[in-house]
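Please arrange chains E, P and Z on chain X, whose structure you already have, making use of the hints.
Chains as they are written, first to last, in this note's numbering: chain X, 1 to 295; chain E, 1001 to 1336; chain P, 2001 to 2467; chain Z, 3001 to 3159.
No lab work stands behind these hints, which were simulated from the structure alone. For clarity, every value in this text was computed on a predicted model and none was experimentally measured. Treat the hints with caution; some may be incorrect.
Unchecked claim - Here are a few chain E residues that face chain P, going by a calculated C-beta distance under 8 Å: (1) Phe1135; (2) Asn1155; (3) Pro1265; (4) Glu1268; (5) Tyr1303; (6) Arg1309.
For glycine and all other residues, C-beta sits at the position ideal for the given N, C-alpha and C.
Read off the chains here:
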Amino acid sequence: MRPMDYIVPESAEAAVAILAERGENACPLAGGTDLVVDLKHAPGNINALVDVSGLAEFRGIDVTDEGLRIGSMVTYGEIMEHPVCLDKTPEVVAASHTVGAVQTRNLGTIGGNLVTCVPSADSAPALMVLDAEVTLIGPNGWRRMPIEDFFVGPRKTILEPYELLAEIWIPKHTLGKPSSFYKFGLRKGQALALVNAAAALELDGSRIVEPRIALGAVAPTPIRAVKAEALLDGQDVDAELLDEAAKIAVTESKPIDDFRASRNYRRQLIRTLTRRVLERSVEIARERQEQGELH
Amino acid sequence: MKKRGRGMACMWYPIGFTVAANPSAATVKVNTDGTATLLTGTVETGQGALTVLAQIAAETLGLATDDVHVVSGDTDVTPMDTGAIASRTTYVTGNAIVRAAEKARDILFEAAAPLLNVKPEQLEVRDRRIQVLGFPARSIAIDKVVHHSETVLGNPAIGSASYNPPTVDMDPETGQGKPFNTYVYATQIADVEVDDETGEVEILKIVAVHDCGTPINPMLVEGQIQGGISMGVGFALQEEILFEEGRQINPNLTNYIMPTSLDMPEIEVGLVDNYDPTGPFGAKGAGEPTAVPTAACIMNAIYDAVGVRITALPATAERVLAAINEKRAEDQAVAA
Amino acid sequence: MATRVKDVQTNVEDLVTARETRAPSRQPLAVPIDQPVTFPLELPESEARLRTPAVGQRATRPDGRLHGLGQTQYIDDITFPHMLHAKILRSEYAHARIVSIDTSEAEKMPGVIATLTGAEVPENSFGPTYQDQPILAYPIARHRGDGVAAVAATTEQFALDALEKIKVEYEPLPAVYDPLEALEEDSPKVHGDTNIYTSKVIKKGDVEAGLAASEHVFERRFSTQMVEHVPLEPHATIASWDGNGRVSIWSSLGRITLGREDLARTLQMPQSRIRLIGTVVGGNFGGKNEITNEPIVALLSKKSRRPVKAIYSRGDEFVSSTIRHPFIMDYTTGVDSEGRILARKIRLVLDGGAYCSWTGTTIGKGSILAPGPYNIDNVLVEAYAVYTNKTTTGAMRGFGAPQVCFAYESQMDDIADALGIDPLEIRLRNGFSENSLSPTGQSLQSVALKESLTQAADRFRWKEWQA
Amino acid sequence: MLVELTVNGESRSANVPPETTLLKMLREHLDLTGAKLGCDVGDCGTCTVIVDGVSVNSCLMLAGRADGCDVTTIEGLATADELHPLQQKFEEHGALQCGFCGPGMLISAKNLLDNNPDPSVFEVRDALAGNLCRCTGYTKIIEAVIEAGEMMGQEQANV
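Chain X extracted, bound-state conformation (with noise of 0.2 Å):
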């Protein structure tokens, strides 16, 4: 690597205001999983990396009166053995296990693979299904979002210039929703997603309710298949209108063509997942009946 400075600042604000003052050369690091690549390969004109990895403000996972809260640089290899998330997303929990291998699970961080916003970051189409938001904090102070609306492009995210991401915020009404997520890569070990579909869905009777799908790697970001939940919205469960939405939900990705995959694959890929997250999440919601338990 290049040489480079290497910053720790005290504060989330602090961290904002380094990375003002030095300009476009300093970058933030988090994990470093991605970011520690570009630099060996094409380091640009980077000179400068403040590690926001250890802030207070991004880290720890807390159940509030508001809902779930994980801090952006809280790892995938944390994510996976906390209890809550194990109870209350199973299937942030399931995505989390996908990604990669064990060493970089532990130095990987969830805010760090959103941020990077490649189309097949595997944590956000579970996170997406769940209603999730998030906050960031930069020059101007904190807002807050759908996490949908953090993705604008391949690689491209909100983020203004020094602003970084803080938490991810999981609203306490999908908390322990019915969900399921599948990801679909060339190989069982760190793979690489030539697909990613979650779902998630409430069942009240034989009807569901506020379904969501999300599907990741089909458009330049993670998607919600809107149109394919505005057919499920309050309809009776049946197979045939699983399949239906499926179908639907190819219509609204755009996947693309490259050397893992054609287009056209992955558009068989696109239906077969989201059909089979559909009938896992009302698996669980029917288990969930059976068990009487009241969402």
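Chains E, P and Z alone, transformed into the frame defined by chain X:
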């Protein structure tokens, strides 16, 4: 839906170079305490070659593996060797070592014969002793013989020899000839599951039964087979260097997809009981052939599972699904 | 002397504007502790290593313990005082004439001690069969992995930075990437006036008569891809000269005797002045069976009068080391009503990449093995290896055998399926046994094909699955 | 910058350029060459070390990030008298061939057994998925890890 299938493939594979000379030389010296030093020009590239070669030298001298120290891989010190290539080390270098160790042993037999009141040709080595054939009660510890030979008779127990597999050149018009001195054989059978909606192939198990002649070290042979299969699995399903106008587009381990521990199936290994009189103690070789039939048996298992014949490797999920869709379309056309 | 000697020994720290922001109160320890690594010196040996007879024992490996302790010294674990690090610049084109190479700017970069181009290599060619491959391409680069210049500097980063300052002017030439296109007369030529550089024929009996007499004839084309060895240890070399004009080279090479011959030839020096040390190799699989960067490192060491180390990056390992030959295989097989093979006609086209490397052995083994381990009276194998402007294909575990086995065994199952014969049975029916004649007419001994088939089938409980 | 670590129980420090990775610091500044560089981008796992109780790719972690941390490398597994059960079982099984993946593989296995002394075969596979091996097919490695876990369990029971 997941469909289960089984497929087998067998193969043959030669030991050594195609006709071309590929000699190995070796030097074996027995030390006065009964340990020995083996000099070989081959290099340990992970197979466990040096352990196998030590076992071959030890066997020839009636010693245990641990008694033999192997010096290798330095052109200033070690004799000529064609190297770690063509599954030739056990067979070719091993044969050279047997011959070199026999020369050292013959020096010891010469020294021991008068001590034991027999002729040299009446002697054999066993359990670190030189003993009379058919009358093991009369024997003498090997270290005493080495010491006697070296320090009293002035004849250190050292031998050098080389080996090159005998071949017959191939006719340029017809290719008829004897390009190799020996071959090994193997069968592998795969049990797979194919997801007919994604094309994903999961290998549940592979049974591999290989002939390597005498397994000099069965544990290391198993290691070769298991490792060869992992290379075969990658060749079958995942690995491919991709190009765009002559430029590799996936020259990294992120996008070149080799098997991880999660991608490898359970492997059951069997060895055929075989003895090749031309090899060292009946041994042939095990390195390369382990990777040969794996892809073939997996493709046959995919065929058994979903009825599609994959003709271009690797059988990525995308290719398998495309073949399944094509077959569905054909079946529908036939039905219509 | 062309060698420039610049003293940049006090390098890295001076050149970086390190700013300590974390725990600024910390002071360096007054007495640096350099604790030796702890490890047991004596342990009981495993029983199997102590037993006689030695053959047949599951003896543990002495290197196994060192591997487990992290004590095995691979080349990258070895350093010498004043050692430099070398990096190689690779061609920007798959096929181009190099008009000029200007290393002057690179030589002015911090830490740079020596540079090297192909024109400076005493004998700039090597290869186990044909010496058609340059050490550093000059004047023609034939694939993107060809090195065109090299730099030795005090750190790897300085060497990498200097590579960016080397100016190479190329005149792009038409390139060919597809092996079947390369066969065509009007295709761009990689070397000389034909791309076919090796061929092989195996002919036994009368294949056309055999096919004509067959009850069923099966035809199919199979193809395989390029794959990389992926040794976990990338290629690594250190070279160091002494005052007697002798060079010692530590190399991750699996075949040092012949490696030394290649070095003597490319460096144009007596073998007696070259010491080649094959340290423990971190994975070979055929990919470390010929010299690659050893002469470059030796020459950079000579120019700089310092030990020079070169470790391939993972990217170098992919693009510039050899890889497995892709095969295009046309199989036509005639059988009688019982599934006995009467004739097999095979055409193989091997994608050889830019240079010959171990293609001779690959086409030989591939052709001989192509009919499979079966008794077939009428065989015709025709094989061609062609140059393309892609990564050089060479030795890799199995030399063509995995490719042809995929084809012949897939077709055996096609035949079995069409004739309603169990796959095990069709193999037993046709398979070699003791004294069978191979496709080259060799009488085979110590044949254990059927034993392997029946044992594997028993272990798998094949018959139960088929029932 | 000055980086102070505890490595295998000993205090160590080095003045390194700020962009130095932990792997480079261990290998070039502390002469601990057990951890290897195999890909330099976190794919192969040969650089795996344990930092404050979790395994990481030391090629992706800046040394400064590890300042004040407790680091375990392959050199810290054995004592002067005995091998770690993993080292013993790896040796007994011939689980390593070329050995280059070994230091990282053993550290990943240790990290697993520290947290899960009695893993299933799947759990072992999952724990080692970040450590590529080209020689062994992982078979004997997995056997060795399972047996080492059993051995450590027995040692615990005997205490």
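>> Of the numbered hints stated earlier in the document, which are not met by this structure?
In response: 1, 2 and 3
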